[in-house]
Amino acid sequence: MSEIILTPKEQPMVPLEINNIIPDVLAGKSIDEIKNMGIWNGNGQVRLHEFFDVEGESAENPSEIKIIIDGDVHNTKRIGQGMTAGEIIVKGNANMYVGVEMKGGKITVEGNVGSWAGQNMVGGELTIMGNAEDYVGSAYRGDWRGMTGGIITVHGNVGSEIAEYMLGGKMVIKGDTAIEPGIHMNGGLLIIEGNVVARTGGEMKGGTIVVKGIVKEFLPGFQYLGVEKDIEIDGEFIEGAFYKFKGDLATKGSSGIVYVAVAGNSHIAPY
Amino acid sequence: MERIIKNGIVYDPLNNIDGEKMDICIKDGKVVDSVSEDADVIDASGKVVMPGGVDPHTHIAGPKVNVGRMFRPEDSKKDVETITNVKRAGSGFSVPSTFMTGYRYAQMGYTTAMEAAMPPLLSRHTHEEFIDTPILDHAAYPLFGNNWFVMQYLKDGDIDKCAAYASWLLKATKGYTIKIVNPAGTEAWGWGGNVHGINDPAPYFDITGAEIIRGLAEVNEKLGLPHAIHLHCNDLGHPGNYETTLKSFDIPKGIKANPKHGKRDAVLYATHVQFHSYGGTNWRDFISEAPRVADYVNKNDHVVIDVGQVTLDETTTMTADGPAEYDMHLINGLKWANCDVELETGSGIIPYLYSPKAPVPASQWAIGLELFLLINDPGKVCLTTDSPNGGPFTRYPRVMAWLMSNKYREDMIENHLHKWAQKKTSIATIDREYGFYEIAQVTRSTPATVLGLSDTKGHLGVGADADIAIYDFNPETQDQSADYVALEDALQSAAYVLKDGEIVVKDGKVVSIGEHGRTYWINSLYDGELEKEVESEVEKMFKKYYSVNFANYPVQEEYLPRSNPINGVIQ
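Protein chains in written order, with the numbering used here: chain A, 1 to 271; chain B, 1 to 571.
Looking at chain A on its own, in the form it has when it is part of the complex (with noise of 0.2 Å):
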């Protein structure tokens, strides 16, 4: 695997959007034309190497590049937007927008991101090793069409509304979750290990969500079907003693699953 290294200058006061610095586009080109591709520095064009060292060597076939962002670039936007292929890891905060409309190849974050994680993400692999703020695999504004395949990994925790309009794909949330988790979700698995704050799966359709931590406030809409143990979905084991709901109720035609743990949440049982 050829790697081209990406070590970042200061970062500027006004963000930066490198969407093109993927490997599909790096494939078969020279450091050099690389060093000179243009990134949007707010409303105006500049060059990769006026904001990065650049080094390292590409290869001919995406699959086989992995770009590294040696360090943080918290006003960096877009990282790995739209890849089919290859890796991207980034080894500090990254902004907004990382591995949206993702198709394929893997993206490694180690710090925290920016809002918008993974929106309208297809396949591949994002892994967050620290927070992500709102939206994490949600849909674009005002689409009812979000996240459909991949997999979301958050470490730490994260802000509001992720998994928006999810139809498929994977999200597992290690730490906790602000509001709405999992809103107007369609498909997919939503595993949260942490805490909820509110409004787990709210007007959710189809999918199914799993929380292991606590939920503070759970919505009214939900029927209670029963307690089930070691649970089994799309073939991912899950183990433990989950209260099972099926939801939202006040969404016509709904038949989202919501299982949450027993344990600590007997505030929310129905007897």
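Hints are computed from structural coordinates only; laboratory data are not their basis. Ideal placement from N, C-alpha and C gives every residue a C-beta, glycine not left out. Hints are all accurate, no fakes.
With a cut-off of at most 25 Å between alpha-carbon atoms, the simulated DSS-like pairs for lysine-lysine come out as follows:
#1 B:K335 with A:K252
#2 A:K106 with A:K66
#3 B:K419 with B:K357
#4 A:K216 with A:K246
#5 B:K87 with B:K506
#6 B:K171 with B:K256
#7 B:K256 with B:K299
#8 B:K260 with B:K171
#9 A:K103 with B:K77
#10 A:K246 with B:K335
#11 A:K205 with B:K357
#12 B:K509 with B:K6
#13 B:K506 with B:K27
#14 A:K103 with B:K78
#15 B:K423 with B:K407
#16 B:K335 with A:K205
#17 A:K66 with A:K91
#18 A:K246 with A:K205
Take a look, some chain A residues computed to stay more than 12 Å from chain B by CB distance:
#19 P8
#20 K29
#21 N36
#22 E50
#23 N157
#24 G175
#25 D176
#26 A198
#27 I233
#28 K246
#29 L249
#30 V262
#31 A263
Position chain B against the provided structure of chain A, taking the given hints into account.
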């Protein structure tokens, strides 16, 4: 400024010119007999030359169009245009931003487009958006069919007062025609219901759709308006609605056309008839009744229709037919916006996906084309998609290519469409193909004539506005039927488009936005005394029910950068 378009292959139905090689001379924005040696030359040899396109029914300006833009960011994302030295940036696939609307129409060779539904209360907004829509000449159709004053005066049997009100309102809103949408039905929607057919009364007013259509058709001719009443029939989109459609067509029959401007014979213009030509009782036993509707149009001269062709795209539907939009929202479950406009009208907006693989959209596609192909006289049918309802106006070239190439239609039917298109309609049995002459009729001469604008629009005779489209397709060497891809491309990006004699598009690109488009509106005075009386009645209702001060209602001419009043009756 003089110009000559040399050697083009000209199609100009209003002057009976069918593919003749000839020159078109232009001076000071008008078509003239001859020009001097110094005239600028455009070489159009091997190219099709037509008058600028006229769209008689589209939704491009006003509050519901703007709601469509606001609540569909995902639609804006699909189509984005960057800034150039003459153009602004813009976005939107089915509901493009105002500037982009002007550019995109011009690139297809269209130079006139009519906003088909203006809530009177929000006419300032509509005119403000016209100000930001470059190139196109335009007009707006105020909504009359569910207006409280109209319903009250007609219920009282006071046709004179209704005429005075219509005359006053057209002037006050700088509107162009009497637009009727689901008469009595949109008012019923204000009470949570709808009417079914034309004989079902509106709540409270106790007046039926039939009475409203009849009354307003009489008013239209009393006022001598250039355009016929513009009717969106009841029961839109419901299986079995063709009966309502045919009954509605019959209502104004016998009333004599009396335009003070233009040469129309029709007293009824029925819009997006595709959505009104369905048989059966539900979506299971549903069947096309386009042949019966086409037969009616063939046998009667008082009616001109437009089709509202479905283009099989993801689009945004928007209409002043509030209950119809709610019904469609229940079918597709997508987001829905509803908009009530005080005493005047209402509307709804939802996204819609016309998938070619789904049975109903495939049939709707076929029904639209059946209407085009089964109506014998293209002088009675206009090309529209009811943009963006059946599909965005940017698909007009594709609709033209479907009409001109049976092979294109066969490919669609055999390879892309749900089998209902063959099973529920007769489209697969029709092999008629339009030529450029017929295309020029349904996109130029017919709309210009029925709008009452045929003295300056829709033709290339002396005195016409020099709005001209030149397409890079040579009917003498290229086969429209076989080479439908090249045909669609040529119609999509015109080689040249002239607006008032100035080149605004070259090689499919906007090169100048020229002068601001004209705003056509009706200037009439039916009866001065009566109009004063009506005005004071309206003012009282404003005090009682409206959220706007009456003085803020009428649109001043300052809102019209290029005002072009057209006279109705002047007392």
